[in-house]
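Protein chains: 2
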Amino acid sequence: MSEKIRSYWGWGWEQALPDDKAKEVLAALISMSFKGLTLTHKPYPNIESVTLAPSQIHAPAQLEDIASSSIYDRASHTYGKSYLDIFKGFHGDFSNAPDLVVFPSNSDDIKAIYQWAQDCNIALVPYGGGTSVVQGTECYRGADRECTSEGYAGWVSLDMKKMDRVLEIDQTSKAALIQGGATGPVLQEQLAEHGLTLRHYPQSFEFSTLGGWVATRAGGHFATLYTHIDDLVESVTMLTPNSEIKTRRLPGSGAGPSPDRFCIGSEGSMGIITEAWIKVQTPPQFRSSLSARFKDYNQAVDAVRAISQAGLYPSNCRLLDGNEALLNGISMNGESIFLLAFESSDHDTTAWMERGVEIVSEFGGQLGRGPQYKNAGDRANREDESGSWRESFFAAPYRQSALVSMGMMADTFETAITWDKFHALHETVISRVQATMNELCGQGLISCRFTHVYPDGPAPYYTFIAPAIEGKEIENWQAIKKIAGDTLYEFGATITHHHAVGRMHKPWYKKQSPDAFSSVLKASKKQLDPKWILNPGVLIDAD
Amino acid sequence: MSEKIRSYWGWGWEQALPDDKAKEVLAALISMSFKGLTLTHKPYPNIESVTLAPSQIHAPAQLEDIASSSIYDRASHTYGKSYLDIFKGFHGDFSNAPDLVVFPSNSDDIKAIYQWAQDCNIALVPYGGGTSVVQGTECYRGADRECTSEGYAGWVSLDMKKMDRVLEIDQTSKAALIQGGATGPVLQEQLAEHGLTLRHYPQSFEFSTLGGWVATRAGGHFATLYTHIDDLVESVTMLTPNSEIKTRRLPGSGAGPSPDRFCIGSEGSMGIITEAWIKVQTPPQFRSSLSARFKDYNQAVDAVRAISQAGLYPSNCRLLDGNEALLNGISMNGESIFLLAFESSDHDTTAWMERGVEIVSEFGGQLGRGPQYKNAGDRANREDESGSWRESFFAAPYRQSALVSMGMMADTFETAITWDKFHALHETVISRVQATMNELCGQGLISCRFTHVYPDGPAPYYTFIAPAIEGKEIENWQAIKKIAGDTLYEFGATITHHHAVGRMHKPWYKKQSPDAFSSVLKASKKQLDPKWILNPGVLIDAD
Numbered sequence: 001m002s003e004k005i006r007s008y009w010g011w012g013w014e015q016a017l018p019d020d021k022a023k024e025v026l027a028a029l030i031s032m033s034f035k036g037l038t039l040t041h042k043p044y045p046n047i048e049s050v051t052l053a054p055s056q057i058h059a060p061a062q063l064e065d066i067a068s069s070s071i072y073d074r075a076s077h078t079y080g081k082s083y084l085d086i087f088k089g090f091h092g093d094f095s096n097a098p099d100l101v102v103f104p105s106n107s108d109d110i111k112a113i114y115q116w117a118q119d120c121n122i123a124l125v126p127y128g129g130g131t132s133v134v135q136g137t138e139c140y141r142g143a144d145r146e147c148t149s150e151g152y153a154g155w156v157s158l159d160m161k162k163m164d165r166v167l168e169i170d171q172t173s174k175a176a177l178i179q180g181g182a183t184g185p186v187l188q189e190q191l192a193e194h195g196l197t198l199r200h201y202p203q204s205f206e207f208s209t210l211g212g213w214v215a216t217r218a219g220g221h222f223a224t225l226y227t228h229i230d231d232l233v234e235s236v237t238m239l240t241p242n243s244e245i246k247t248r249r250l251p252g253s254g255a256g257p258s259p260d261r262f263c264i265g266s267e268g269s270m271g272i273i274t275e276a277w278i279k280v281q282t283p284p285q286f287r288s289s290l291s292a293r294f295k296d297y298n299q300a301v302d303a304v305r306a307i308s309q310a311g312l313y314p315s316n317c318r319l320l321d322g323n324e325a326l327l328n329g330i331s332m333n334g335e336s337i338f339l340l341a342f343e344s345s346d347h348d349t350t351a352w353m354e355r356g357v358e359i360v361s362e363f364g365g366q367l368g369r370g371p372q373y374k375n376a377g378d379r380a381n382r383e384d385e386s387g388s389w390r391e392s393f394f395a396a397p398y399r400q401s402a403l404v405s406m407g408m409m410a411d412t413f414e415t416a417i418t419w420d421k422f423h424a425l426h427e428t429v430i431s432r433v434q435a436t437m438n439e440l441c442g443q444g445l446i447s448c449r450f451t452h453v454y455p456d457g458p459a460p461y462y463t464f465i466a467p468a469i470e471g472k473e474i475e476n477w478q479a480i481k482k483i484a485g486d487t488l489y490e491f492g493a494t495i496t497h498h499h500a501v502g503r504m505h506k507p508w509y510k511k512q513s514p515d516a517f518s519s520v521l522k523a524s525k526k527q528l529d530p531k532w533i534l535n536p537g538v539l540i541d542a543d
Numbered sequence: 001m002s003e004k005i006r007s008y009w010g011w012g013w014e015q016a017l018p019d020d021k022a023k024e025v026l027a028a029l030i031s032m033s034f035k036g037l038t039l040t041h042k043p044y045p046n047i048e049s050v051t052l053a054p055s056q057i058h059a060p061a062q063l064e065d066i067a068s069s070s071i072y073d074r075a076s077h078t079y080g081k082s083y084l085d086i087f088k089g090f091h092g093d094f095s096n097a098p099d100l101v102v103f104p105s106n107s108d109d110i111k112a113i114y115q116w117a118q119d120c121n122i123a124l125v126p127y128g129g130g131t132s133v134v135q136g137t138e139c140y141r142g143a144d145r146e147c148t149s150e151g152y153a154g155w156v157s158l159d160m161k162k163m164d165r166v167l168e169i170d171q172t173s174k175a176a177l178i179q180g181g182a183t184g185p186v187l188q189e190q191l192a193e194h195g196l197t198l199r200h201y202p203q204s205f206e207f208s209t210l211g212g213w214v215a216t217r218a219g220g221h222f223a224t225l226y227t228h229i230d231d232l233v234e235s236v237t238m239l240t241p242n243s244e245i246k247t248r249r250l251p252g253s254g255a256g257p258s259p260d261r262f263c264i265g266s267e268g269s270m271g272i273i274t275e276a277w278i279k280v281q282t283p284p285q286f287r288s289s290l291s292a293r294f295k296d297y298n299q300a301v302d303a304v305r306a307i308s309q310a311g312l313y314p315s316n317c318r319l320l321d322g323n324e325a326l327l328n329g330i331s332m333n334g335e336s337i338f339l340l341a342f343e344s345s346d347h348d349t350t351a352w353m354e355r356g357v358e359i360v361s362e363f364g365g366q367l368g369r370g371p372q373y374k375n376a377g378d379r380a381n382r383e384d385e386s387g388s389w390r391e392s393f394f395a396a397p398y399r400q401s402a403l404v405s406m407g408m409m410a411d412t413f414e415t416a417i418t419w420d421k422f423h424a425l426h427e428t429v430i431s432r433v434q435a436t437m438n439e440l441c442g443q444g445l446i447s448c449r450f451t452h453v454y455p456d457g458p459a460p461y462y463t464f465i466a467p468a469i470e471g472k473e474i475e476n477w478q479a480i481k482k483i484a485g486d487t488l489y490e491f492g493a494t495i496t497h498h499h500a501v502g503r504m505h506k507p508w509y510k511k512q513s514p515d516a517f518s519s520v521l522k523a524s525k526k527q528l529d530p531k532w533i534l535n536p537g538v539l540i541d542a543d
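These protein sequences, in sequence, are chains A and B.
Just so you know, my numbering puts 335 at position 335 of the first sequence, and the rest follows in order with no gaps.
Just so you know, my numbering puts 238 at position 238 of the second sequence, and the rest follows in order with no gaps.
Rather than coming from a laboratory, the hints here were simulated on the basis of the structure.
Quick caveat: nothing in here was measured; it's all calculated off a predicted structure.
Hints should not be assumed to be uniformly reliable.
Repeated chains share a single entry, so a pair holds when one copy, or any two copies, can fit it.
[Said to hold, decoys possible] Taking lysine-lysine pairs in the DSSO-like style, the calculated list, with each CA pair at most 30 Å apart, reads:
no.	residue 1	residue 2
1	35	522
2	295	511
3	511	111
4	531	42
5	161	35
6	510	246
7	472	510
8	421	246
9	246	482
10	526	246
11	421	23
12	522	506
13	531	510
14	88	23
15	526	111
16	42	374
17	295	35
18	111	522
19	421	295
20	526	510
21	246	23
22	246	162
Please take these sequences and the hints and turn them into a complete structure.
Next comes the structure, spelled out in structure tokens:
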């Protein structure tokens, strides 16, 4: 069996990208929603065809063993996984490739890399799973001019993959000390040996890392309560170019502004998350789930709001609008689909679900196959709509890469907003993005799901798909992202609920972030990264 | 009916301080736990007896109308409400009295005060309810030498009491925009007009303010989930000496390090919380509660841990050790008392409580009067141990003031720690504080309750009472606080879970806070308060 290889241009494992037959099925599904569209597809590209500009720098002797300048390493560390990234990668444009990729095994390696970067004016871009969809891990040479008058001598991608161990387990407190470079499956496997689990499943779970999650405030699969990794962090260790922030393991604290919350979301601009104590749990033994159909989307939204304010704290509480249900192959008739689930390692969740069913019914939802009450180990549970959804959820990024190869533009944006403003935002976003796609691409499809909900508002997540116009793919994609970002800003939403800011969202982040707080972050960066070597261009502008 | 007046030296309303008869009852209760103690008490002091040094400064014409230099205003704004504060106030030592007290009505007033303070080198101490137990609102002239070579020209207490309005209600999202100076009852009354409630009851609820809660990360009555005000903040407006940080109303966000979390806990060192959007709710309609007795404290702790890790999220989950039950008049036989309650505005909580009962029984707890299932409006519910506890909870600060008048030393300290380290910390704290009281005061009583619990650890809250030795009250109190703080630090706990840092806890906070993060806070303060006029001496050291 050949070793699995990460695609250097598209999502995930090269071997797991949809094959020709899968692409035909996908094409058929897409064709149902688009008029007169004939999808042809080019074959996936090959690393042999990639040429890169020569590296501008060489690793010093001390770091030679942990540095690589191979075409594969440089190309595969060039981009994240937005449409823009995949499009460029598919077409062999790796103009922002790092000069080198370094793979530290421990904090001493990182300190040596920092020293070298500071001495030689080298920009360092921390890299976890490379699943950023906001240009968070890109050697974005635009920042050269932005950050220093003379530009950097070179750009280096710092891949944390070798620091992937669960270092310590506290069974009593249910917490684990995990290194920043551990991916979802790798840390999950180590926790499982101790009968524990993290229950944090971003869509990027298979490849993204704990350190990346903490650095970007990743959203997990819990739809309520523990929505972001932020809520599961007990303490962090962040190594900065000139110091280390190592916080105490504390279940709660009232001692000054939270140092954890300063590190969480710093997106590699202040330091690298080398390890963190994370709250874990025993695997759920009880699970209940239902799916319901709503003819009226607004009523479905009201039902979700009622549930989010009921103090029931479901693990899943996802509302898919008609287009979202269609795109995921769950429902074809335009109805909204609502997925609700409760899980517990401690108690039967029947009472919780019974109240959920009452609320769903009060608001006119028609129950699908559920409610079903199952032991969580029972995979039969997954045969309902909720199961279809889950399969589709993790397959979606692979489908996006396939769509790009078929000449489609497909991407997402997401936000959070208070309930009072949701409807106005939603209707405007849908209509503006639809109009922009119609104008630029002739047609398009936009769908929405709630990934997370709070008592005071939802986190809507939008997917847009349109036939790309050859030669205008990037320009059109930028126009759509701009109308979306502008609308989110205009209606008081956030430019990101869990995809982070990176370089892509910075224009709106700068408007959304209070100026005085931006000045605080800049002063902080000067304190921790005085040579301004870490992830330049992300979050914070240089003077 | 005469208007209620805040005591200028002790807790709360002057009229509500225990009278002679109440003091006799208290003395009898105390005598049961102390050997050979004859408690005499001096009468409460009178404001007429207070003399203060003359004010060093005068308000400029523009601010004359909102400034006061009356003896009562200056004396009552001198201290918070720790033992140290009350002892000094009782004995007429107001050496740290502010030169002036100002009462802004709006942000423009605050800006004018900032301008004056920056122009004239005046230290400003933000003041909410004056209930700090950590010298957080004290004009701590020790900071004079610490912060500027020449010292400040004067110290001014900035009382937010006039900014006490609920400005806006969002019924759909269940949130309210509340001014920083609103006390618990004042904001609660305004919310009630809209059928809403905050459900955040710190022990200081009657006097402390929303802005004070946000600035100090106050703990509320929810024992799980929404333990700190942090968890209820949707957005904040913090006015700094040279700018304003006004964050977006967002149910959740992943856009960079949280600006809210930077303001929350800044303790008046960066700016003043002028208003905040806070998550509110409809009043609970369902409530279930029980009390249980445990012969074995360790088993009780295990029961609480199991409940905290069960995902049940009780509103009350308080464990009182034998001494705590004794001091609160709930139980005299040394058994630990466990109080568990669930509340909901949405659903009957029977299933939740049934599981709670199972866990309590599994760990050997003997049920008291509960479980009782009541409509939350039914006050009969309060006749059980949980009701006795609640009454005692809010009366405790009044009792402390009375005890000081009776020559007793009584104070508290609190922390949070992971479960794995709790027992070692607890045993050491108890034995060291007990030994110190024995050595210095001849005897003493130390008790513990859990105020809040998390899946990964409890927040233990300690009360210590000892006969004060005349002339050595402050010295002995300091010795006890020192052994407590040192022990918390040594065992990896936090110096405060919800009492804040202020000036009292700063020595331990400085050790606990990562150096690099302290440098970030200092850089931030220089950015927002370049003249270093706001609450000097709190949290951050000057160079």
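Comparing the hints with the structure gives:
no. : hint      : verdict
1   : 35 - 522  : neither (49 Å within a copy, 60 Å between copies)
2   : 295 - 511 : neither (38 Å within a copy, 59 Å between copies)
3   : 511 - 111 : between (34 Å within a copy, 24 Å between copies)
4   : 531 - 42  : neither (45 Å within a copy, 64 Å between copies)
5   : 161 - 35  : neither (44 Å within a copy, 64 Å between copies)
6   : 510 - 246 : both (28 Å within a copy, 13 Å between copies)
7   : 472 - 510 : within (27 Å within a copy, 56 Å between copies)
8   : 421 - 246 : between (39 Å within a copy, 19 Å between copies)
9   : 246 - 482 : between (38 Å within a copy, 24 Å between copies)
10  : 526 - 246 : both (19 Å within a copy, 23 Å between copies)
11  : 421 - 23  : neither (39 Å within a copy, 55 Å between copies)
12  : 522 - 506 : both (14 Å within a copy, 26 Å between copies)
13  : 531 - 510 : both (22 Å within a copy, 26 Å between copies)
14  : 88 - 23   : within (20 Å within a copy, 80 Å between copies)
15  : 526 - 111 : both (18 Å within a copy, 29 Å between copies)
16  : 42 - 374  : neither (44 Å within a copy, 67 Å between copies)
17  : 295 - 35  : within (25 Å within a copy, 75 Å between copies)
18  : 111 - 522 : both (22 Å within a copy, 25 Å between copies)
19  : 421 - 295 : within (22 Å within a copy, 54 Å between copies)
20  : 526 - 510 : both (18 Å within a copy, 21 Å between copies)
21  : 246 - 23  : neither (48 Å within a copy, 48 Å between copies)
22  : 246 - 162 : within (21 Å within a copy, 41 Å between copies)
Of the numbered hints given earlier, the model fails hints 1, 2, 4, 5, 11, 16, 21; all others are met.
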